[in-house]
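Those protein sequence lines, which keep their order, are chains V and S. Residue 1 is where the first sequence starts when you use our numbering, and the numbers rise one by one after that. Residue 1 is where the second sequence starts when you use our numbering, and the numbers rise one by one after that.
Source of the hints: derived by calculation from the structure; they are not laboratory data. All C-beta atoms in this analysis are idealised placements derived from N, C-alpha and C, irrespective of residue type, glycine included. Among the hints, a few may not be true.
Beyond 12 Å from chain V on every Cβ pair, some chain S residues (computed) [as the list claims (entries may be wrong)]:
no. : residue
1   : S82
2   : R237
3   : R296
4   : G324
DMTMM-like, lysine to aspartate or glutamate: derived pairs with alpha carbons at most 25 Å apart [claimed, not checked]:
no. : chain 1 : residue 1 : chain 2 : residue 2
5   : V       : K214      : V       : E226
6   : S       : K112      : S       : E83
7   : V       : K214      : S       : D63
8   : V       : K170      : V       : E297
9   : V       : K170      : V       : D194
10  : V       : K200      : V       : E182
11  : V       : K143      : S       : D140
12  : V       : K200      : V       : E210
13  : S       : K200      : S       : E181
14  : V       : K214      : S       : D279
15  : S       : K214      : V       : D279
16  : S       : K214      : V       : D63
17  : S       : K320      : S       : D198
18  : S       : K200      : S       : E226
19  : V       : K214      : V       : D203
20  : V       : K214      : V       : D140
21  : V       : K320      : V       : E181
22  : V       : K200      : V       : D190
23  : S       : K170      : S       : E297
24  : S       : K143      : V       : D279
25  : V       : K112      : V       : E297
26  : V       : K143      : S       : D279
27  : S       : K143      : V       : D140
28  : V       : K170      : V       : D140
2 protein chains.
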Amino acid sequence: MSPINHQIRLAARPTGLPQASDWNIVEEPVPTPGRGEFVVAISYLSLDPAMRGWMNAGASYIDPVEIGAVMRAGAVGRVIASEHPDFAVGEHVHGAFGVQEYALSDGAGVMKVDPSLAPLSTYLGALGLTGMTAYFGLLDVGKVNEGDTVVVSGAAGAVGSVAGQIAKIKGAYVIGIAGGEEKCRWNVEDLGFDAAIDYKTEDVRARLREVAPKGVDVYFDNVGGEILDAVLTRLARGARIVICGAVSQYNATEGMCGPANYMALLVARASMTGMVVFDYAARYGQAATEIAGWMREGRLISREDVVEGGVSAFPETLLKLFRGENIGKLVLRVGSA
Amino acid sequence: MSPINHQIRLAARPTGLPQASDWNIVEEPVPTPGRGEFVVAISYLSLDPAMRGWMNAGASYIDPVEIGAVMRAGAVGRVIASEHPDFAVGEHVHGAFGVQEYALSDGAGVMKVDPSLAPLSTYLGALGLTGMTAYFGLLDVGKVNEGDTVVVSGAAGAVGSVAGQIAKIKGAYVIGIAGGEEKCRWNVEDLGFDAAIDYKTEDVRARLREVAPKGVDVYFDNVGGEILDAVLTRLARGARIVICGAVSQYNATEGMCGPANYMALLVARASMTGMVVFDYAARYGQAATEIAGWMREGRLISREDVVEGGVSAFPETLLKLFRGENIGKLVLRVGSA
Numbered sequence: 001m002s003p004i005n006h007q008i009r010l011a012a013r014p015t016g017l018p019q020a021s022d023w024n025i026v027e028e029p030v031p032t033p034g035r036g037e038f039v040v041a042i043s044y045l046s047l048d049p050a051m052r053g054w055m056n057a058g059a060s061y062i063d064p065v066e067i068g069a070v071m072r073a074g075a076v077g078r079v080i081a082s083e084h085p086d087f088a089v090g091e092h093v094h095g096a097f098g099v100q101e102y103a104l105s106d107g108a109g110v111m112k113v114d115p116s117l118a119p120l121s122t123y124l125g126a127l128g129l130t131g132m133t134a135y136f137g138l139l140d141v142g143k144v145n146e147g148d149t150v151v152v153s154g155a156a157g158a159v160g161s162v163a164g165q166i167a168k169i170k171g172a173y174v175i176g177i178a179g180g181e182e183k184c185r186w187n188v189e190d191l192g193f194d195a196a197i198d199y200k201t202e203d204v205r206a207r208l209r210e211v212a213p214k215g216v217d218v219y220f221d222n223v224g225g226e227i228l229d230a231v232l233t234r235l236a237r238g239a240r241i242v243i244c245g246a247v248s249q250y251n252a253t254e255g256m257c258g259p260a261n262y263m264a265l266l267v268a269r270a271s272m273t274g275m276v277v278f279d280y281a282a283r284y285g286q287a288a289t290e291i292a293g294w295m296r297e298g299r300l301i302s303r304e305d306v307v308e309g310g311v312s313a314f315p316e317t318l319l320k321l322f323r324g325e326n327i328g329k330l331v332l333r334v335g336s337a
Numbered sequence: 001m002s003p004i005n006h007q008i009r010l011a012a013r014p015t016g017l018p019q020a021s022d023w024n025i026v027e028e029p030v031p032t033p034g035r036g037e038f039v040v041a042i043s044y045l046s047l048d049p050a051m052r053g054w055m056n057a058g059a060s061y062i063d064p065v066e067i068g069a070v071m072r073a074g075a076v077g078r079v080i081a082s083e084h085p086d087f088a089v090g091e092h093v094h095g096a097f098g099v100q101e102y103a104l105s106d107g108a109g110v111m112k113v114d115p116s117l118a119p120l121s122t123y124l125g126a127l128g129l130t131g132m133t134a135y136f137g138l139l140d141v142g143k144v145n146e147g148d149t150v151v152v153s154g155a156a157g158a159v160g161s162v163a164g165q166i167a168k169i170k171g172a173y174v175i176g177i178a179g180g181e182e183k184c185r186w187n188v189e190d191l192g193f194d195a196a197i198d199y200k201t202e203d204v205r206a207r208l209r210e211v212a213p214k215g216v217d218v219y220f221d222n223v224g225g226e227i228l229d230a231v232l233t234r235l236a237r238g239a240r241i242v243i244c245g246a247v248s249q250y251n252a253t254e255g256m257c258g259p260a261n262y263m264a265l266l267v268a269r270a271s272m273t274g275m276v277v278f279d280y281a282a283r284y285g286q287a288a289t290e291i292a293g294w295m296r297e298g299r300l301i302s303r304e305d306v307v308e309g310g311v312s313a314f315p316e317t318l319l320k321l322f323r324g325e326n327i328g329k330l331v332l333r334v335g336s337a
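Modelling step: build the complete structure from the supplied sequences, incorporating the hints.
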């Protein structure tokens, strides 16, 4: 066991894309658990577009990461030392352990996971908050019905790829919007989407007219910006837009670009509703059980895009999300597990 | 009875604010009813911000007014000739009779009104589509609850002034946003709003922080633009935004300005929903009965801002809406009734 805990701490609040100078790599001794505590050796870190928002000052749905603090991150790992009655050495756990190799925890918000049921990284993907976000966003907020036309943006990303698959399972006609031929092909050929639109080379609005002639009933939005505006022009009566993210805007330096076509909500008697997955914590277990069932039946794929390199690779790896370089859930391997 | 029917017809689709050259004043003979038809002598025309949208080409919640057609307008008047079994000479009626002095009708969409119960112009105000819009927007879409903090923009306008009063009746804490001291005073002193913000002289965001410290539960939006963006920053958890109109944007020549702060919907788990009053036609009667009851009890005031001058004054009078010069429901008196 290494005596050193490498950590990534926030050094400065970025303007635009985070830069190397916004981070400090710090070495600390591996912590020792006190009474009611345990130490986790982290195996995989979850990389999420939302992290960009956590780096900003000011009120949001979660407190900002303070300057000097270890960067917040979801992670899975293994308990290596414990003075906690409920967590034993050798157990695997999920929690907001931060961008570091070892985390001290009192168990708050920590869930045990079973690596014999699914690869550990999948607990950051379809069986983790990624899957929960897709599940509750699509079903509770989007209220998808059989036969609905569902459009998902960021469709080859972590949440989008799961949301589209759940929509298919629920009997919807599913259109993914993604950047690049490979992602679009993955949506249609591997995930079973009915159509995919490559926003980098195609006119999203014109293609939606072709593939969704009756209009869009549910739009699961991960990206915001021009794509949101394009989908707004194609809403069916009574459409539901789920606002899950706006990755196209997180690094904007001139202020967010709002949806200029929002009055389409009036024309279509449609709604646009924001969601935060934490509100559904009481139902995570039920959702994970259902998703695991779909995975066992081969109806839902969880794909993790695993980057090697440990915590020191975090600053550069995070940028892959904003460049659209990941397919599926982006995770950083930290330990050897 | 004049043998001439003066009409205002759409001559051109405007760019920005409608100009005199966008209209033609036409003289036609007063029509004669055929079998199943009747003729209405119009008393009052309803002037609505939505008219600006009807002048544009393209699909919306209602067909555009064609070039050369009589401008669409709601109106009240008196039947002066009838070959229709259900409408007798002397009866008073409401319908989409258009900007003209006399209208031929087959009765479709026409409702009888009783001038002994309320002044005829009130059937364009609180007892007409204005009142219906406020009622269903606030109650069905906004789902206002007792104790909610409700913000209404365009609060001294036709719909806003009624919406705010209904919110008060339902036990909400009501804040109006309006332009100018006179309107704000009217909101608070005559309509009983708890507070009013003068957007022309006050910082809306800062004032909302003062008067709605717990955040905004329901925002009834008639204006869009910067005021919508300001209210978005002050949403309470689970807030409902009713998108009824966007008068600040209807004459924009550089494209609509969308709400840059729309991601506040996510932070607040809030929704933004569009509404069109026509969807509630089956319940107009019930709503009008309830509103009439509130008026009788002195709990709700319908104020009509009556402009004289007949149909030829329509082009200039319409602009009062976009200059914010009306208080209450803007109507144009056409006949002598």
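Going through the hints against the structure:
The beta carbon of S82(S) is kept farther than 12 Å from every beta carbon of chain V, the shortest such distance being approximately 36 Å. Under the 12 Å C-beta cut-off, the non-interface status given to R237(S) relative to chain V is violated; the minimum distance is some 9 Å. Non-interface call for R296(S) relative to chain V: holds, since the shortest CB-CB distance, roughly 32 Å, exceeds 12 Å. Every C-beta of chain V lies more than 12 Å from that of G324(S), the closest at about 20 Å, which supports listing it as non-interface.
Under the criterion of a C-alpha separation no larger than 25 Å, the hint pairing K214(V) with E226(V) is consistent with the structure, at around 21 Å. Between K112(S) and E83(S) the CA atoms are separated by roughly 16 Å; this keeps the pair inside 25 Å, and the hint holds. Between K214(V) and D63(S) the CA atoms are separated by roughly 19 Å; this keeps the pair inside 25 Å, and the hint holds. At roughly 15 Å between alpha-carbon atoms, K170(V) and E297(V) fall within 25 Å of each other, so this suggested pair holds.
Straight-line distance between C-alpha atoms of K170(V) and D194(V) comes to about 13 Å, which keeps the hinted pair within the 25 Å bound. For a cut-off of 25 Å, the pair hint linking K200(V) to E182(V) stands: about 12 Å separates their Cα positions. Our distance criterion of 25 Å between C-alpha atoms is met by K143(V) and D140(S), whose separation comes to about 19 Å. For the hint linking K200(V) to E210(V), the alpha-carbon distance of about 17 Å falls within 25 Å, and the restraint holds.
At most 25 Å may separate the alpha-carbon atoms for a hinted pair to count; K200(S) and E181(S) meet this at roughly 9 Å. For a cut-off of 25 Å, the pair hint linking K214(V) to D279(S) stands: about 20 Å separates their Cα positions. Of the supplied pair hints, the one linking K214(S) and D279(V) holds, its CA atoms being roughly 20 Å apart against a limit of 25 Å. About 18 Å separates the Cα atoms of K214(S) and D63(V), which keeps this hinted pair within 25 Å; it holds.
Pair hint K320(S) plus D198(S) holds up; C-alpha atoms about 18 Å apart against a cutoff of 25 Å. Distance hint between K200(S) and E226(S) is fulfilled; the C-alpha atoms sit about 12 Å from each other, no more than 25 Å. With a C-alpha separation of about 18 Å, the suggested pairing of K214(V) with D203(V) holds against the 25 Å cut-off. Proximity of K214(V) to D140(V) is assessed by CA-CA distance (about 23 Å); at most 25 Å being required, the pair is judged to hold.
With a CA separation close to 17 Å, the supplied pair K320(V) and E181(V) stays within the 25 Å bound. Restraint check for K200(V) and D190(V): satisfied, since their Cα atoms lie roughly 21 Å apart, inside the 25 Å limit. Straight-line distance between C-alpha atoms of K170(S) and E297(S) comes to about 15 Å, which keeps the hinted pair within the 25 Å bound. As the CA atoms of K143(S) and D279(V) are separated by approximately 21 Å, the hinted pair is consistent with the 25 Å bound.
With a CA separation close to 23 Å, the supplied pair K112(V) and E297(V) stays within the 25 Å bound. For the proposed pair K143(V) and D279(S), the alpha carbon gap of about 21 Å is at most 25 Å, so the pair holds. At roughly 19 Å between alpha-carbon atoms, K143(S) and D140(V) fall within 25 Å of each other, so this suggested pair holds. The hinted pair formed by K170(V) and D140(V) meets the criterion: a straight-line CA distance of about 13 Å does not exceed 25 Å.
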